[in-house]
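Protein chains: 2
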Amino acid sequence: MEIEKILSGIIKKNENKILLIVMDGVGGLPHPETGLTELESAKKPNLDKLAKSGMCGLSIPVLPGITPGSGPAHISLFGYDPIQHQIGRGVLEVCGIGMEMNRDDIAIRGNFATIDENHIVTDRRAGRIPTDENKKIVQKIQENIKEIKNMQIIVQTVKEHRLAILLRGKGLSPFVSENDPQKEGLKIKKIVPLNDDAIFTAEVLNEFVDRVEKILKGMDTKAKTILLRGFSKIPDIDSFEKRYLLKPVCIASYPMYKGLAKIVGMDVIQGLDTIDDEISALHKLYDEYDFFYLHYKKTDSAGEDGDFNKKISAIEEFDEKISKIMHLKFDVICVTGDHSTPCVLKGHSWHPVPLVIVSKNIMPDDVETFTERACSRGLLGTIPAKEIMYILLASAMKFEKFGA
Amino acid sequence: MEIEKILSGIIKKNENKILLIVMDGVGGLPHPETGLTELESAKKPNLDKLAKSGMCGLSIPVLPGITPGSGPAHISLFGYDPIQHQIGRGVLEVCGIGMEMNRDDIAIRGNFATIDENHIVTDRRAGRIPTDENKKIVQKIQENIKEIKNMQIIVQTVKEHRLAILLRGKGLSPFVSENDPQKEGLKIKKIVPLNDDAIFTAEVLNEFVDRVEKILKGMDTKAKTILLRGFSKIPDIDSFEKRYLLKPVCIASYPMYKGLAKIVGMDVIQGLDTIDDEISALHKLYDEYDFFYLHYKKTDSAGEDGDFNKKISAIEEFDEKISKIMHLKFDVICVTGDHSTPCVLKGHSWHPVPLVIVSKNIMPDDVETFTERACSRGLLGTIPAKEIMYILLASAMKFEKFGA
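Chains as they are written, first to last, in our numbering: chain A, 1339 to 1742; chain B, 1339 to 1742.
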């Protein structure tokens, strides 16, 4: 990114506070019957009030036409180039459940799975075993396998059939193949190195899988093996503190978003389950930080389900909640999504996402409602999501003049 | 282009069909008397219907302020960076008349010209000799000159005074100067190498010109020499099939556009003379391909002539014809131009070009008519032409999610 060439020369610290609210997957598409999107159908007086007082626009999460996962979509919102800074699934999983990760560690996503006596995968999720059963198995694995070939092994339950694994030690490489055959009815694969530096790592992992299978044989569970994927290291990425001189905090309930925030060096608050918890946390932490990332998940979940009414309700619920934020004095408030999740597509999409920035230092426009089509006529225009952060910093007066 | 870094990881094949309609030079500027552009003056109910149901915008062919030739303008529309992928005129000419070209060949555009006994060029087009005369001369040249210094020489008539030449063999370079003095009354130039690798090629070409002049001396024609320009090789560019996993076809009548389509690996249908031929071909080929590039030339020709009424008629004629396409089921239809050709400028221009995309996966906007000014208020905004292809692919659901 061009701005990275001058950023350190112009960024300055001040006391102004920025609130970035991410309504996950908030953007949508018209309902075939009404011709109205989810946002156009919802009653949301508080979001509309923000749109009225603020400067609106649309943001392109990664590139035109590209549908992002949550990783690249958030990396963009945080002001980093999402193509330059790609983050592995293992890293996200591990950070998301609060495991401490070192720079040399390899993070891995694991699934417990069922195999038959011929090593054919018969259930890639081991019947979605209960989380408690998962915890018992993981405890037994951890007791029996502390290290392999001098590499430390750390395992932790995520939920149901999912677990996260950290390989710790020198000389490890993430460039190994998965052992997941992707389809049931196929044999589990051997993990193979994808380059010469990864030969040792593949040996460690194959031994790990063998030893886990032996442990599982003695247990009463559908879990008979472990499928490994998403091998990755922490990306080499500057923290918010280093890059923006900010003291940032993440207020989110889902692991994925906490993991992403941790990667860019945010303090991550644990134990928040609901949006009410999140808003309480925001109040409690108000004095301690100058950048607040608040994440709301339900809009995306409803979009993924393709449930139009549920997404409308999620928008309306959140609209009510934000009335409880407005009396807090933030110098800059931004409400947007990380990407669109139109109910008609039942998944993430590439469509530009509505965006509003409220601050005394912006130019208000005549947009009166927070919707995709209304925001498209806002003064911000349609911009890459990775530029939003810089407009927030500017609005918070955190940039010196560039050049004389 | 940024997207090239991730494209191969997200592109997927499916059965959805994309139709890209290029109305050559369709964009215009207001008539000094009416204040209305060509599109604003034309009756075009079918194009307006597309604008009403689709998502509109403007596209910038190459860069703001840059007037493109057909080559870069089309390369952009095909989703390639037009500055990174520059295509020589010789290559376009040669491909456009259906000559098969190899990767090491040098393609050249030739003009028959008239010179006097002192080698002064008196007519750069040899009185625009009839195509039949050109064919006779070219036949004689080909009979007499099959190779020079072991390099194969292939010549073919284009039309009137124009011909195309291929130099085939190892060690040839396109970096030689033209022999065309550009103005009548000046002496024809020697071809000189522009770097050391091109010394041999310049020798071959100068001998070729000498031998052609000797042959022409014995013939009853105004053609007395041959002016050579546009020396070029096939650019190293990924095909549509490799890059987008598409099976593409070009439906065009003019050589230039067929040549461009061939360069990106499209199947090129020969023998189409009119827009009716093109539309019949579209019907006939519908089942065989998943990407259709349909080119309409008359809008550009009328613009080049500066004939406002002729351009209006060309728009209206095409509007009528596209009613015959609308019953074919395309998942994505895009109508745009490769560039503007305003009658008031009598030539190509840099002005952004109107653009509409129709698909069930786009966000409709409130644009009601297909004109420059109406489209400028569309939801697509003003975008680089090289991004259009990616929005078409996305709308046809041909991308996987990027990142987790």
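Certain hints may be false.
Note: identical chains are not told apart, hence a pair may lie in one copy or across any two.
Here are the simulated DSS-like pairs of lysine-lysine, each with C-alpha atoms no more than 25 Å apart in a straight line [stated by the list, open to error]:
{"id": "1", "residue 1": "K1648", "residue 2": "K1739"}
{"id": "2", "residue 1": "K1478", "residue 2": "K1350"}
{"id": "3", "residue 1": "K1684", "residue 2": "K1739"}
{"id": "4", "residue 1": "K1571", "residue 2": "K1528"}
{"id": "5", "residue 1": "K1350", "residue 2": "K1521"}
{"id": "6", "residue 1": "K1525", "residue 2": "K1622"}
{"id": "7", "residue 1": "K1684", "residue 2": "K1667"}
{"id": "8", "residue 1": "K1684", "residue 2": "K1355"}
{"id": "9", "residue 1": "K1351", "residue 2": "K1580"}
{"id": "10", "residue 1": "K1350", "residue 2": "K1390"}
{"id": "11", "residue 1": "K1350", "residue 2": "K1698"}
{"id": "12", "residue 1": "K1508", "residue 2": "K1521"}
{"id": "13", "residue 1": "K1521", "residue 2": "K1662"}
{"id": "14", "residue 1": "K1497", "residue 2": "K1571"}
{"id": "15", "residue 1": "K1635", "residue 2": "K1739"}
{"id": "16", "residue 1": "K1684", "residue 2": "K1351"}
To be clear, the hints were calculated from the coordinates, so they are not data collected in a lab.
Each hint, compared with the structure:
1. K1648 with K1739: between (46 Å within a copy, 23 Å between copies)
2. K1478 with K1350: Result: close neither inside a copy nor across copies, 50 Å intra and 42 Å inter.
3. K1684 with K1739: between (45 Å within a copy, 13 Å between copies)
4. K1571 with K1528: For K1571 and K1528, only the intra-copy Cα distance (21 Å) is at most 25 Å; the inter-copy one is 47 Å.
5. K1350 with K1521: between (52 Å within a copy, 19 Å between copies)
6. K1525 with K1622: neither (52 Å within a copy, 46 Å between copies)
7. K1684 with K1667: between (37 Å within a copy, 23 Å between copies)
8. K1684 with K1355: Answer is between; shortest inter-copy Cα gap is 21 Å, intra-copy 36 Å.
9. K1351 with K1580: For K1351 and K1580, only the intra-copy Cα distance (11 Å) is at most 25 Å; the inter-copy one is 43 Å.
10. K1350 with K1390: neither (30 Å within a copy, 41 Å between copies)
11. K1350 with K1698: within (19 Å within a copy, 46 Å between copies)
12. K1508 with K1521: Neither, since 34 Å and 50 Å both go past 25 Å.
13. K1521 with K1662: Neither: 47 Å inside a chain and 45 Å across chains, both beyond 25 Å.
14. K1497 with K1571: Only inside one copy: K1497 and K1571 sit 22 Å apart there, 58 Å across copies, limit 25 Å.
15. K1635 with K1739: between (37 Å within a copy, 19 Å between copies)
16. K1684 with K1351: between (42 Å within a copy, 20 Å between copies)
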